[in-house]
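For this one, chain A is given, so just place chains B, C and D on it according to the hints.
Chains as they are written, first to last, in this note's numbering: chain A, -16 to 214; chain B, -16 to 214; chain C, -16 to 214; chain D, -16 to 214.
Just so you know, the hints here were simulated from the structure itself, not pulled from any lab data. The model shown is predicted, which means the values in this text are computed figures rather than measured ones. A hint or two may mislead.
Said to hold, decoys possible - Here chain A is said to cover these stretches of chain D; the calculated rule only asks that three of the stretch's residues, wherever they fall, bring their Cβ under 8 Å from a Cβ of chain A:
1. 21 to 28
2. 85 to 92
3. 135 to 141
4. 163 to 169
Claimed, not checked - Computed cross-link-like contacts, DSS-like style, restricted to lysine-lysine with a CA-CA straight-line distance of at most 25 Å:
5. C:Lys212 to B:Lys130
6. D:Lys212 to A:Lys130
7. D:Lys130 to A:Lys212
8. B:Lys212 to C:Lys212
As the list claims (entries may be wrong) - Under 10 Å between C-beta atoms, here's a sample of chain C residues computed to sit facing chain D:
9. Gln99
10. Arg108
11. Trp110
12. Gly135
13. Glu136
14. Pro143
15. Trp151
Backbone N, C-alpha and C fix where the C-beta goes; we use that ideal spot for every residue, glycine too.
4 protein chains.
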Amino acid sequence: MAAVTIWNEFRHEREDDDVAAVYPDGIHATIADALAADHTVQTATLDEPEHGLTADVLESTDVLLWWGHEAHDEVADEIVERVRERVLEGMGFVPLHSSHYSKPFKRLMGTSCSLQYREDGASERLWVVDPGHPIADGLAESTELPKTEMYGEPFDVPEPDRLVFVSWFEGGEVFRSGCCYRRGNGRIFYFRPGHETYPIYENETVRRVLRNAVAWASPTEGSPRTFGKRD
Amino acid sequence: MAAVTIWNEFRHEREDDDVAAVYPDGIHATIADALAADHTVQTATLDEPEHGLTADVLESTDVLLWWGHEAHDEVADEIVERVRERVLEGMGFVPLHSSHYSKPFKRLMGTSCSLQYREDGASERLWVVDPGHPIADGLAESTELPKTEMYGEPFDVPEPDRLVFVSWFEGGEVFRSGCCYRRGNGRIFYFRPGHETYPIYENETVRRVLRNAVAWASPTEGSPRTFGKRD
Amino acid sequence: MAAVTIWNEFRHEREDDDVAAVYPDGIHATIADALAADHTVQTATLDEPEHGLTADVLESTDVLLWWGHEAHDEVADEIVERVRERVLEGMGFVPLHSSHYSKPFKRLMGTSCSLQYREDGASERLWVVDPGHPIADGLAESTELPKTEMYGEPFDVPEPDRLVFVSWFEGGEVFRSGCCYRRGNGRIFYFRPGHETYPIYENETVRRVLRNAVAWASPTEGSPRTFGKRD
Amino acid sequence: MAAVTIWNEFRHEREDDDVAAVYPDGIHATIADALAADHTVQTATLDEPEHGLTADVLESTDVLLWWGHEAHDEVADEIVERVRERVLEGMGFVPLHSSHYSKPFKRLMGTSCSLQYREDGASERLWVVDPGHPIADGLAESTELPKTEMYGEPFDVPEPDRLVFVSWFEGGEVFRSGCCYRRGNGRIFYFRPGHETYPIYENETVRRVLRNAVAWASPTEGSPRTFGKRD
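Extracted from the complex, chain A is given alone in its bound form (with noise of 0.2 Å):
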């Protein structure tokens, strides 16, 4: 059981009547719902103090979720950087879907992150390409997400430590859906799947990758960071 924190930016869903429908309490109560049998939730999003992301809260998040989009350019960089340090000293943290060009990712991974997009509504299929990978427990060998915004390659991110999911699109694209990296004592898994329109994350096999994901990403003992001059 992790202490897991859910970052929703939090605008989307009181801003337009379609996402409202989709994701009536806000993206983050939907993830919150699929965790909260096996782990600790509590939320924060992007108009409160901080974001909701003061140190303490951070002190005591195992794993951090995140959910951002059209106002990645609002998070302020000193909660960034904050971000960043507890991923280095072991929290974990999952980038969602649009998340991808969210600031804490994009400053962890050193690339632009970008990537090929179309919202166009058309099915995607969730392949799993490393079976041994606790991620995929429990998951079949794929599973059609029948609307989805596509997102296609190239992905300008650093090679994964280990690459999970592939995702092909029907209209002829294909992207690295499950992205696996460490960085410092944290691990971090970018996950693909999600939009604010279509209901992605009430998918049952989605919400299962949610709980591995978190299970997976949760910090272990290590041994000391000892940095500096040395007798």
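Okay, now just chains B, C and D, sitting in the frame of chain A:
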């Protein structure tokens, strides 16, 4: 300019009229034609003495391309071992298509190298996922191969050092179609496209990949590989 | 709690008084003692029928530790293949010290697994280079082993997925002493320390590493590994 | 032949007589001398306008070497970002020694890039652990550097794509001294040896490594990096 040896099982072409119609002089001849302008090319086939892979031939080979399918088991273990040792010394190795099941590739990978397949002649799109890799030099972001045999994940190989291509298949599958490895001093590039009844090796993109792969897999000077007892 | 099988060649201990003095009940007994509080442990040795590694034994093994040295060649290829297949299915595999040259490790790596060595009883410092790795849990930043056999680079293995330890040797050499791999669904951890005439497996840090490695290498549920023809 | 730009902070040499005695024309001049026979070389320093790294200079640079130490913080963020973007486009980047803490390297890695150090002038042995890597071309299996500043693990960087060198230090430490990364289309090689008061860049092995690194890090043609909305 590398010294290339193209190894071909060369059975289908002599046994099956459909294959002979596509590759009248053997798949090795078509591949040789793709490489001859840039490299010194010789060929070797299964039914020659020592399968054409004498110690002298391997000693003078910079990069070995391999095409096998129905007769993997007829390749003598002694020759497989000879190939493996030359790869560890630095010879490049480029197994093609159904050669995922060739003895030298399986021996170098350590895994089963199994996959899923469907011989339906449906279309494939070969996507570059690593546009900075020299094997992708000069390619478009994706290339359509109108009729292919499908290969699908999971592909039981070690996580590639670099993943260059991912294929999209009309029938709904994906595959890691271009996988780079180093073993010892040798560079290995598994490349999926290719089939005995579709003229894949006439495709200009595929031919460019083969030329790029030979350049990439060519041996470099290195430093001493000294093993054993040390004073 | 994992079901562990410790395999030992168990020849030195019966042939050489110096070894018997250090490991009177065999190296496997000492290792078993290090693991017994946390795991279910059984042992198997070379001179038992099927080397003690029947299909039933392997089927019920979560993690197999392996210690061999002078009799690698006496291990039957059929048993090696049985071990390899169980690893691909998910069994953890932890080859120790001179088992870099064991048949199952060489078979899973595909390389020569050669290295340099000097049996001088000089000291070693085992450094954690990946303090976030669970195999380093609870360790100090480095641990001194006062008398060891030196192993030096180059070590002819595939680039590890994660490098956990690097050893410093009094005589001037370095070695990648803790190397993590995945092959199929199985996790592999090569761990260098250990010798038949030095009581390395009595060292508390080494014992902690063995316990950590068993926990890390234990199978996880995964998703289907289905291969072959697809409709 | 690559177009190389050597960037040097160039403060120590003008402020400290001991440094000036070793590198009277600046560290950049000594490095330039090591490369000039094989490459086109220009230099740039901190106190020039835009630190000598105008858009034009970077645009025409194939590989950028970087030496900084006491004034990392004086490098303008705008220039750091310009360097990072050029690396993602394909420019090679070779940070040297204390440049592990340079802004462009930290920005590209995403981690703290911290380490341990001791300025004791004790000896270092630089071991090749990847003898097949082109950066090791022509080197001996190890090279002694008689007086160096020690850098010790843990080194807080992402797991390298390839680890080429590991250093042994007389005082008992080890360090991953040659680390290869790709970010976007750019190749990055961190190389540890080098110091302002020891004539490390006069050492023939070190000079050979610098030449090899420039050749390895030079841009290749690649395929399109097209991002954004797709029809």
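Against the structure, the hints:
no.: 1; hint: 21 to 28; verdict: violated (count 0)
no.: 2; hint: 85 to 92; verdict: holds (count 3)
no.: 3; hint: 135 to 141; verdict: holds (count 4)
no.: 4; hint: 163 to 169; verdict: holds (count 4)
no.: 5; hint: C:Lys212 to B:Lys130; verdict: 18 Å, holds
no.: 6; hint: D:Lys212 to A:Lys130; verdict: 18 Å, holds
no.: 7; hint: D:Lys130 to A:Lys212; verdict: 18 Å, holds
no.: 8; hint: B:Lys212 to C:Lys212; verdict: 49 Å, violated
no.: 9; hint: Gln99; verdict: 9 Å, holds
no.: 10; hint: Arg108; verdict: 6 Å, holds
no.: 11; hint: Trp110; verdict: 5 Å, holds
no.: 12; hint: Gly135; verdict: 8 Å, holds
no.: 13; hint: Glu136; verdict: 5 Å, holds
no.: 14; hint: Pro143; verdict: 9 Å, holds
no.: 15; hint: Trp151; verdict: 5 Å, holds
Comparing the model with each numbered hint stated earlier shows that hints 1, 8 do not hold.
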